[in-house]
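Starting from the given sequences, assemble the full structure and let the hints guide the process.
There are 2 protein chains.
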Amino acid sequence: MSSSAPRRALNISNINPHVKEAQYAVRGELAVRSEEYRAKLAKGDGRDLPFDTVIAANIGNPQQLDQKPITFFRQVASLLENPLLLEHEETFVKNLGYKSDVFERARWLLKEIKSVGAYSQSQGAPGIRESVAKYIERRDDYPASFKDIYLSNGASSGVNTLLHVICASEKTGIMVPIPQYPLYTATLSVLNARCVPYYLDESQAWGTSLDAIRTAYDKAISEGTDVKAIAIINPGNPTGASLPAEDIKAVLEFAASKSLVVIADEVYQTNVFIGSFISFKKALRELQAAHPGKYDSLELASLHSISKGMVGECGHRGGYFELVGFDEEVAQQIYKFISIQLCPPVIGQCIMELMVNPPKEGEPSYELYRKEYDGIFNGLKERAYALYEAFKQMEGVQCDEPQGSMYLFPTITLPPKAVEQAKKEGRSPDEFYCFRMLDATGICVVAGSGFGQKENTLHFRTTFLAPGTEWTGRIVKFHKEFLEEFK
Amino acid sequence: MSSSAPRRALNISNINPHVKEAQYAVRGELAVRSEEYRAKLAKGDGRDLPFDTVIAANIGNPQQLDQKPITFFRQVASLLENPLLLEHEETFVKNLGYKSDVFERARWLLKEIKSVGAYSQSQGAPGIRESVAKYIERRDDYPASFKDIYLSNGASSGVNTLLHVICASEKTGIMVPIPQYPLYTATLSVLNARCVPYYLDESQAWGTSLDAIRTAYDKAISEGTDVKAIAIINPGNPTGASLPAEDIKAVLEFAASKSLVVIADEVYQTNVFIGSFISFKKALRELQAAHPGKYDSLELASLHSISKGMVGECGHRGGYFELVGFDEEVAQQIYKFISIQLCPPVIGQCIMELMVNPPKEGEPSYELYRKEYDGIFNGLKERAYALYEAFKQMEGVQCDEPQGSMYLFPTITLPPKAVEQAKKEGRSPDEFYCFRMLDATGICVVAGSGFGQKENTLHFRTTFLAPGTEWTGRIVKFHKEFLEEFK
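In the order they appear, the protein sequences are chains A and B. Note that UniProt numbering has the first sequence beginning at 1, numbered continuously upward. Note that UniProt numbering has the second sequence beginning at 1, numbered continuously upward.
Rather than coming from a laboratory, the hints here were simulated on the basis of the structure. Hints are supplied without guarantee of correctness; some may be wrong.
All copies of an identical chain are treated as equivalent in the list; a pair is satisfied when it fits inside any one copy or across any two copies.
Below, computed lysine to any residue pairings styled on SDA-like, alpha-carbon distance capped at 20 Å [what the hints assert, rightly or not]:
id: 1; residue 1: 114; residue 2: 467
id: 2; residue 1: 480; residue 2: 415
id: 3; residue 1: 99; residue 2: 87
id: 4; residue 1: 171; residue 2: 258
id: 5; residue 1: 336; residue 2: 29
id: 6; residue 1: 171; residue 2: 18
id: 7; residue 1: 94; residue 2: 83
id: 8; residue 1: 336; residue 2: 449
id: 9; residue 1: 20; residue 2: 170
id: 10; residue 1: 99; residue 2: 83
id: 11; residue 1: 20; residue 2: 329
id: 12; residue 1: 99; residue 2: 86
What follows is the structure, given as structure tokens:
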């Protein structure tokens, strides 16, 4: 056998074609180049760069952009990591600013999990799932059970699980809003299933349009697609839109009429600036109450995360999904599927518990928690509006008033010469614009094409997480110079 | 649309058939029943049960079975979770037993990651990957680069990534040892790819047999399978075998001659009682040095984890894989694939750094670290031998001397009446035996059929993690009674 010529087993032409097809611009070429700039600056050899900091506005990563974690959460986490410290409550209370409820919570969590270093049940520790169920009950005024809660490795792995179980063949279709967070399309590519895109209505502040949904569904059916589910991201990513009650109800009614699973990605449920968040679960329970029997078979999976909100604990990879109305045998298959990867990170599970069950009024840690929470909320809102105001000054840029999530998604109109130049460089015009912005300002955003957009429209998505306003000035200046260059 | 009859979208007959096919006995029906017993006992209503504790010997979960975490690791982790504590070094050193190197390491790690709550790069924080590369260099005496290291969410997600990229069609075959850890077969089921089983040689202490590998390969090729990779678990799971140098070399030579990717699952590399661990990377570099050019195209992916060894930090979900000899374009696809799930848990990445770069001789935390590490190693070895001695007493049970990993995998011979009874209950005989053991003793092990075994042989896998020897007595007593019942 030693005579055969050595060659590699794998090359770009013979690996999994569905992995190759997957696109995930949020961490694509732009992000990679921004990391190279960051490394260059860190090494001190970035003198040739026209900026001295890199700002990762491509991804909702609050703590990377100096958002401080909630003190109570991290105090509890420090004790969970080193339970030997529990014996020194007096030192911590007297000298280190810990309150008694920090110790109480850490002791309770350790009883539930045994150790942050031990695997939990595949679905997550039962006591933590109980806390999540109680949170949902308080939020919605309808019952929830820990048996229906599946803790996950961030909401992303929850989406991955649900799509894996639902996608039965290459004809299976999942309705996905466009623009969308590309986790959905990327996972469907990997699964070799069909994305059934439905367009959000930019003229209606990126709301859902029942007409658009119906048109997309009918087209898919006519093409032989077996449409099984509809995904909704509310508040929206990348759009930032916060859906009104009637949109939610319309989606549920449509899903019920067509026997579609509703996948409600609600990870931005506390990031709402206008109106208030309504969960799909609550809306469903209200529909069920109003029309007994009619909506009993509707299946809803609702996802949440510790990465967003005022928590911003992305690095801890915590999330959950709640199953409503699922067949027990299907739920068992979901359980088996997640078991193969053993369990979600246990400290992330604990942060989830803290997020859904924070200090209550009157408890020792409440005051600081409230102050920090409100401070982060108001800071995000202020920055969203500052960015919105900056966009208003920019020629050819249109942006809706901030409603929620962590993003703005302005429309941009680029001069024909810029579009030509983009073509020459083999890039879409919005991608070309974003690379130019990165090269000129050190600010990394994501081109609209990374999320999907209507033909002949261009956008970019930026987070509004970076502190200060200096960086918005950089964008305004870049945009002006860009237009001058290509006018 | 409201007139259509309500029905669920999903049922057991229309979900993803490949998810349904996947089998993962480690957390299957036995484990679920054992959790029910545990919950019953915790509630205080287990008086009808013939045991008062449940012992989860089904899974390598050391801290669930009272293994203490390494103090240095957790001290650093406590500071990472609450960096405000860094301002109180004096209090920690004077009153809480922390040494100065705990603070140094925590400060260094925080510089590398910014916050445990922030996403890292998809591949993991570069500084932590540098530490992993240095560890590999010390271990093997050959160079390693952080660019080839991919931190992962436990080794399981690394295996998932590699198989996703390699499996290009339903004809793709991956050679998997039998018996094996069922992550491999389960993931191949989900991917609708082919498992090409090769049998380990129980008569040679579960070593690899080149004949068996060749036979399995030839059979697969004759069936039209496109064999792309061979997985090896060393030290073995479930077998506990530690491979000698000649077996490793033979596998590498075979893989090179057939252009197969070698997937070396080396998560038990520090759990070796007999001989010493040889990495596939080192063996490959030696082959390459001895035969210039001949093995340059061989692709190797080597996996490691913080869950095993003397660390046992399963709940933190940390792992890595190193790619050797991979095509750059293929590596980029791997990068993109992992990006879709953003990044591995950051605190798990930090524990990985601590594992590969523990306190060195002369450093303040070294002495305690050494003592704890050796204590755990010796404890595991003692318990392995105690269990081995117990199996010797059991009629019809044969077991190899413990070599490594965390498991023993004895052969069991069951009386014909027991086999009949199993058939009546619709179970395989070994599964039947394991359920009886659980019901009688509260000890949960996994039937050999969950890992694969040669026809007409029966086994079970048990960890030797549970402290004390009382529980081994329970097994001996159960076995005796079981034989009496069915003789």
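We went through each hint and held it up to the structure:
1. 114 / 467: Between copies only: 16 Å across, 39 Å inside.
2. 480 / 415: within (12 Å within a copy, 85 Å between copies)
3. 99 / 87: Intra 14 Å, inter 18 Å, cutoff 20 Å: intra and inter.
4. 171 / 258: Close inside one copy (16 Å), not across copies (35 Å); limit 20 Å.
5. 336 / 29: Between. Shortest inter-copy distance 10 Å satisfies the 20 Å Cα cut-off; intra-copy 36 Å does not.
6. 171 / 18: So residue 171 and residue 18 pass the 20 Å test inside a copy (15 Å) and across (15 Å) alike.
7. 94 / 83: Close inside one copy (18 Å) and across copies (18 Å); limit 20 Å.
8. 336 / 449: Result: close only across copies, 17 Å inter versus 36 Å intra.
9. 20 / 170: Result: close both inside a copy and across copies, 16 Å intra and 16 Å inter.
10. 99 / 83: Both. Shortest intra-copy (16 Å) and inter-copy (17 Å) distances satisfy the 20 Å Cα cut-off.
11. 20 / 329: Answer is between; shortest inter-copy Cα gap is 10 Å, intra-copy 33 Å.
12. 99 / 86: both (12 Å within a copy, 18 Å between copies)
Violated hints are absent here; each numbered hint is respected by the structure.
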